[in-house]
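Residue numbers (our numbering): 1 to 319.
For the record, the hints were derived by calculation from the structure and aren't laboratory data. On a predicted model such as this, the values are computed, not experimentally measured, just so you know. One or more hints might be untrue.
[Unchecked claim] Pairwise CB distance ranges (calculated): (1) Gln-256 to Asp-49: 20 to 26 Å; (2) Ala-185 to Asp-49: 47 to 53 Å; (3) Glu-18 to Asn-194: 45 to 51 Å; (4) Tyr-229 to Glu-98: 37 to 43 Å; (5) Glu-18 to Arg-228: 45 to 51 Å; (6) Asn-97 to Gln-196: 28 to 34 Å; (7) Glu-56 to Gln-77: 17 to 23 Å; (8) Asp-122 to Ser-260: 33 to 39 Å.
[Claimed, not checked] Within a straight-line C-alpha distance of at most 30 Å, the following computed DSSO-like cross-link-like pairs (lysine-lysine) qualify: (9) Lys-126 to Lys-115; (10) Lys-154 to Lys-115; (11) Lys-192 to Lys-130; (12) Lys-115 to Lys-13; (13) Lys-26 to Lys-13; (14) Lys-130 to Lys-115; (15) Lys-130 to Lys-154; (16) Lys-88 to Lys-126; (17) Lys-191 to Lys-130; (18) Lys-162 to Lys-192; (19) Lys-154 to Lys-126; (20) Lys-115 to Lys-88; (21) Lys-162 to Lys-191; (22) Lys-162 to Lys-130; (23) Lys-126 to Lys-162; (24) Lys-191 to Lys-154; (25) Lys-162 to Lys-115; (26) Lys-192 to Lys-154; (27) Lys-130 to Lys-88.
Even for Gly, the Cβ is constructed at its ideal location relative to N, Cα and C.
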Amino acid sequence: MFVQNTLMDLYFKCGDLEGGRQVFEKMPVRSVVSWTTMIAGLAGCGDLDASRAVFEQMQTRNVVSWTAMINAYVRNQQPEEAFELFWKMQLDNVRPNEFTLVSLLQACRQLESLKLGSWIHDFALKNGFKFGVFLGTALIDMYSKCGSLEDARKVFDQMLVKNLATWNAMITSLGVHGHGEEALALFAEMKKENVQPDAVTFVGVLCACVHTNNVIDGYRYFHYMTERYGITPILEHYTCMIELYKRAEMDDEVQQLLNSMPEGMYENMAAALLGPSISEGVDIAEKIDHQHGKGSDCWDVMTSNFPQYQPQFFKWDVG
């Protein structure tokens, strides 16, 4: 069964739905892992209806199965369906795990619902979840994307263990939301902790330089990341630097930077130059999340259309 599950997963990762289906259908015995692999595989290939149909056929569902289906909706930008399924999960008396909550926090981001995200945070506290790197970083990301940098920073400061993703989430959030000095101070603290930065880190750092109009530091960090850490600049880094030079009316430096860009990136930069500037709300961290996979409330709308989202409906809310 292990070999068949692995083969099925391989087919789906290669985009071969039919191959994955055939392996599943020929299995004489199917474990929960088999069903869950099928659910995640179909959803990953974009066939959510088929994925949900397989989920509904399961006679026994555990937290992994429920979470796989919830995550499938989130990955396909259907956060309302994700929360509707979470409610049904509670009615089925299945306790969520850390991965379930992380998926729901991502759904809160998509809904831009700070109140719903705060409720998930409170739910986790009341039900004894430990805020490790995975859940803590997801909370930071949710709070920052939903407009509460103060809450994001509180979570960050309370975390006993932080990894690169945690630092990146906080630094980038501060950088792209205009808190440049705080972002740069946090980057300095990160270096003291001997955490190795990556390309995403420097997106936040360079955005911070843009928002503080700090051309000298921006230039220094741009070259520092390549010379000290060997990080190859990506489009977002160039976008920050050109915005920084434009603000300082350094046209020659803009042209020099454009000339130094790798082949194929210039066209993308032209679109960036013609589009809105960072100061007008371009969320470069969002571009990073989307491109590199790695970072406003809708609560009233949510509760009016989906009354089951009200806290009293959640079985595991012991508060």
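| query | Looking at the structure, which of the earlier hints fail to hold? | reply | 1, 4, 8, 12
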